[in-house]
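**Student:** Going down the list, the protein sequences come from chains A, B, C and D. Using our numbering, you'd call the opening residue of the first sequence number 1 and step up by one each time. Using our numbering, you'd call the opening residue of the second sequence number 1 and step up by one each time. Using our numbering, you'd call the opening residue of the third sequence number 1 and step up by one each time. Using our numbering, you'd call the opening residue of the fourth sequence number 1 and step up by one each time.
Incorrect hints may appear among the rest.
Copies of one chain are not kept apart here, so a pair can be met inside one copy or by any two copies together.
Derived lysine-lysine pairs resembling DSBU-like cross-links, with alpha carbons at most 35 Å apart [to be verified]:
hint, residue 1, residue 2
1, K313, K34
2, K36, K313
3, K98, K202
4, K284, K335
5, K335, K6
None of these hints come from the bench; they were simulated from the model.
In case you want the letters, here they are:
Number of protein chains: 4
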Amino acid sequence: MIIVIKPGTSPQEIDRINQELSRPNLKTETSLGKHKVVIGLVGDTNELNPEQIQAISPCVENVLQIKQPFKRASLEFRHGEYSEVVVSTPNSEVAFGKNAPLVNVAGPCSVESEQMILDTAFQLKAAGAQFLRGGAYKPRTSPYDFQGHAELALEWLATARQETGLGIITEVMDAAELNAIAEVADVIQVGARNMQNFSLLKKVGAKGKPVLLKRGMSATIQEWLMAAEYILAAGNPNVILCERGIRTFDKQYTRNTFDISVIPVLRELTHLPIMLDPSHATGKSQYVASMALAAIAAGTDSLMIEVHPNPAKALSDGPQSLTPEQFYLLMEEMKVMAMAVGRSWKSASESMFCNLSHYQQYAAIA
Amino acid sequence: MIIVIKPGTSPQEIDRINQELSRPNLKTETSLGKHKVVIGLVGDTNELNPEQIQAISPCVENVLQIKQPFKRASLEFRHGEYSEVVVSTPNSEVAFGKNAPLVNVAGPCSVESEQMILDTAFQLKAAGAQFLRGGAYKPRTSPYDFQGHAELALEWLATARQETGLGIITEVMDAAELNAIAEVADVIQVGARNMQNFSLLKKVGAKGKPVLLKRGMSATIQEWLMAAEYILAAGNPNVILCERGIRTFDKQYTRNTFDISVIPVLRELTHLPIMLDPSHATGKSQYVASMALAAIAAGTDSLMIEVHPNPAKALSDGPQSLTPEQFYLLMEEMKVMAMAVGRSWKSASESMFCNLSHYQQYAAIA
Amino acid sequence: MIIVIKPGTSPQEIDRINQELSRPNLKTETSLGKHKVVIGLVGDTNELNPEQIQAISPCVENVLQIKQPFKRASLEFRHGEYSEVVVSTPNSEVAFGKNAPLVNVAGPCSVESEQMILDTAFQLKAAGAQFLRGGAYKPRTSPYDFQGHAELALEWLATARQETGLGIITEVMDAAELNAIAEVADVIQVGARNMQNFSLLKKVGAKGKPVLLKRGMSATIQEWLMAAEYILAAGNPNVILCERGIRTFDKQYTRNTFDISVIPVLRELTHLPIMLDPSHATGKSQYVASMALAAIAAGTDSLMIEVHPNPAKALSDGPQSLTPEQFYLLMEEMKVMAMAVGRSWKSASESMFCNLSHYQQYAAIA
Amino acid sequence: MIIVIKPGTSPQEIDRINQELSRPNLKTETSLGKHKVVIGLVGDTNELNPEQIQAISPCVENVLQIKQPFKRASLEFRHGEYSEVVVSTPNSEVAFGKNAPLVNVAGPCSVESEQMILDTAFQLKAAGAQFLRGGAYKPRTSPYDFQGHAELALEWLATARQETGLGIITEVMDAAELNAIAEVADVIQVGARNMQNFSLLKKVGAKGKPVLLKRGMSATIQEWLMAAEYILAAGNPNVILCERGIRTFDKQYTRNTFDISVIPVLRELTHLPIMLDPSHATGKSQYVASMALAAIAAGTDSLMIEVHPNPAKALSDGPQSLTPEQFYLLMEEMKVMAMAVGRSWKSASESMFCNLSHYQQYAAIA
């Protein structure tokens, strides 16, 4: 149930309404949107009488039931206003959301060495990325495959963050590592395989840091939003949803099927920001560019793209990784595409590097 | 196996090479591309010795094996040159292909009356479409649902073709109707449910008219190309491949999953032109626009979009149909998108209608 | 809508009720079950008033709406009484149904030669099969693969039928071949790829011969029953449903996923008899035996098993074919299983061959 | 790589061979089967020379490479000998395996109260079950659904174990709860949603208790075996694999698709015991009996069946739960089925209760 407050209502009156609503087994959450204030109620709402709530204050505009099972994640819960997840990175605050500039996240599957991650980070920054992704802990199908450099990799990511000012996104696989990860990461990633690891979701939700929630490989959209709801219900409103390909019957040419129509579907269902990952979705670097452009055309808020300085020698996911130079060139195309669909674009480093030759010289040194 | 001919070789010499290759159980097909001539060999190629073929003429540049099971449909069969399917419509010749302008096909699921299809056709033409789609014979899940107006609908389509000059695309469900359909249709559609109706494919292939081959709802890309191969092997090189959504585990919010990554995959595998149908893929009109734009961004050669003068009263597929006005507005966006990705755009009627108000007046009269 | 008639009602009264119900746009179909008579009404039933129908005769016990979209195929349409499809074969009448003995169908994927099909047929008969399956027209993914011996194969099947007395089941792919097939086949098969070839379904339905309707490879159960409804609506009540594996995300070890739980699901939904095909479902001969036994345990009415005299040299589907000897041994196990679940068993040839050694001698000669 | 030891080799010689093989980065694991001793080698086996290993001792019969990516889980790793997982329950030792009697596990989805679980446990024991299943921690799609009674439920399970002597199987969702669960559970369950929670797999593997590993809802068979490999690689050889239905395109009538053909597939690939769960697979109690019988017919080693004293009032998964009486009757059928396929059957309580009337009296009291 949500209570829409009339524009211009004083904070004191909003506080008073909140107090009037206070009951055991009921939580209130106030969303201060740009255009309206909405108080969401979650818990035993069956006993509540909309008319009585309406009568609490003349500043109550409307009292509405939320029909979706994902209460806090639903667009209704904010009365149609999309939320913005703002992340503080050393370089600047970066906002994810329908009305914010496109956010670009890039980096290798796993952090392979300090030098490698530093070099990559500088090149991504040069190309205009705002976030560096890189795995310290890697979920691998085989116990005999490389499992990530763990704490060491976290230290290297911290160095890369300090040196470049890029925000860091890295995956948590085990609640025991959550504190160590939260010290380095600006956004904590929950991977596809853990999308329904509800214990982890609760703990990540309690942590407070922004969370990137990847869609499970055969999760329905509703299950995905219910997983987000676990994080929101634990008190963390800063959730970004990331589509990374779903499992279907044909795996001969692509690793997964890129479910790009989640973009308009999610826009109808939820206020949460959307990221798309064409690298995991397709599994092949030569398909990434066209899928990244398609994602922007369809209205994504953010992209996650795998970039590795030497894909052929990557310890994991080499075939789907772009080189930094390919990423730079793709960013040029993405910028044009963003403009074509009216999405704003903000490159942290426009003043530093203005053309490919600069970039290639840089790449040559690195 | 293909034989690449050196540039500048005389037609006489190409004929001579063809004659030298003549054997029982072996067919040769000569592709005259813009940049090269390729002779494809299909049949008992095991007995052929590439070196002997090389020795037939100094004009033979190269002799190459085709590894794909879809021989004629493979990009290798034309040595990397994309084919163009050129369709003669009353208004003009329209080419489908990687290097041709974007082709726009629109129309209702089924042809409901003469007036309805005529009005719709004029409005689609006004909005810039080159082809009118509309079902005379409808594949319906239930035998008790409307099955199409059959021959009558074909007559109405013929009238719409004559009056507007638009090309006609309509579906064949039964070989017995093939002649009647071929008299009206400029492109004959084979629907998703008949993608592996091999008898029909052979007969459609023998007919000679351009064919639009929709992907089966759970067909792998390879199976789809093998279905195209049936048509090509029957002597018809004019096949357009149409993705219309595949069946996956989640059908709560969309009818199918729009497999947009087929675009870069098909570009690697086949020379055939590509069409995307966001209407059947999503099943909801509000998702069509963003998916159409994404398809152009990803490089589609053509789009098929369902438009109905009154979607709420449509006899079939109303929920996924745009109104003519919505289609007009989408066409404006599509044009911008086409420009952004460097795809040329050719509107049959640019001179006739230059803005929405004209269009709306027209729509009001119609 | 169905009208349940009281037990003991005279045929004259049933006729009179039928006449009273006669209206344009309405068809009545009378099912004479063992325990009750039910008149089904299909068409414009919205205008009918159950109370008025009740008043037509004191012999009307009940008037009930059918909620399922598959009217004639629904179990409700026969008021809970399972139908029996009785097929006349030279040896005997064979009934398919929940209360009939298990029916065993066996044979090669395709009819490869007269000698091959004759030898196989004798061995299958010796092992206790009632029907011989074998393709004259083969739906093949590639146009370059063996497409079946066509009319010739039909002749060979006719010979096998005459010589052994076994019933013949063979697939129709094209309505143009329907008459020729119907002259030889006791049951006409519609294959998985043509399950939604509605034109073919209508023509097969009009033909009158019993039809084996295979489930499409990604057809929902409801779509499958709607396909059966096309045949029933065309006037043919003799439809057997055959599950042959569905397409899922894992094709590494089996060709398809054997959806064995369709058995209890179909029992709730439809009165039609059920066949299971573990050969196509798994695609590997070593998995056929355990899946055949599981199908009997789950209550199937019939099994279709691929048997080839020399699987290693089969022109199609060799890896999933049993040898005649393996089939004989499996039949022994199947008999035990049928007894364990209370399903009766009727072997055409019990008196002829009573043990493996007989069978092996026979096999040696053949 | 495995080393097959000749029959009759002395333990001392086996020890000596083990020592000779000792290298950093290489682990040896000796399997003492009934018929043979096999030493498995996992790690850097590339440097090993099979001929040199052969030369270590005349008691080495054979040195073989393991081609599967799941080394320890592969059937080759034990040279074709199936393993037996023996679990000590208060009543007796219970063995799971291809050559052991059928093991029956039953119980409610979640432990709802002490009285409820005690009553249920006595009734299941009376019906012949050896294990009681029941969730203390429940993975629920919604954060607002009942999440299990946690520690309290573990205490109640401990009481039920003590009172009835049944073994306990319960799910772990969080490594933090592993110790508490391990004190009560005889077998620790890893649920479908955590099948690729690799951190949890490693910790469960290190714990030593037998593990029931459910298949992920869209996990390929190979991914499932790789997940088992994580547990085996952590030093725990006692893993049972449980199929519980996979996600496919049709969810209208069943919750999942019961992939019963995993039984023969797993038999070819792995030595680990197999359990099937028809309750979660179908999601409807009326389909459980036929699917349980099918699973036995196909050769399962064990069954897990949901039973609730009052399904209509269950806090979770009521629609798929049998009543204790239905379970008792199903056990009678299962016994017949086990006999039919030559699977031995051992009921803990045969002497206590010999017919339904006893059981019903008991049920009436409970």
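**Student:** Which hint numbers doesn't this structure obey?
**Tutor:** Of the numbered hints given earlier, those the structure breaks are 1, 2, 5, listed in rising order.
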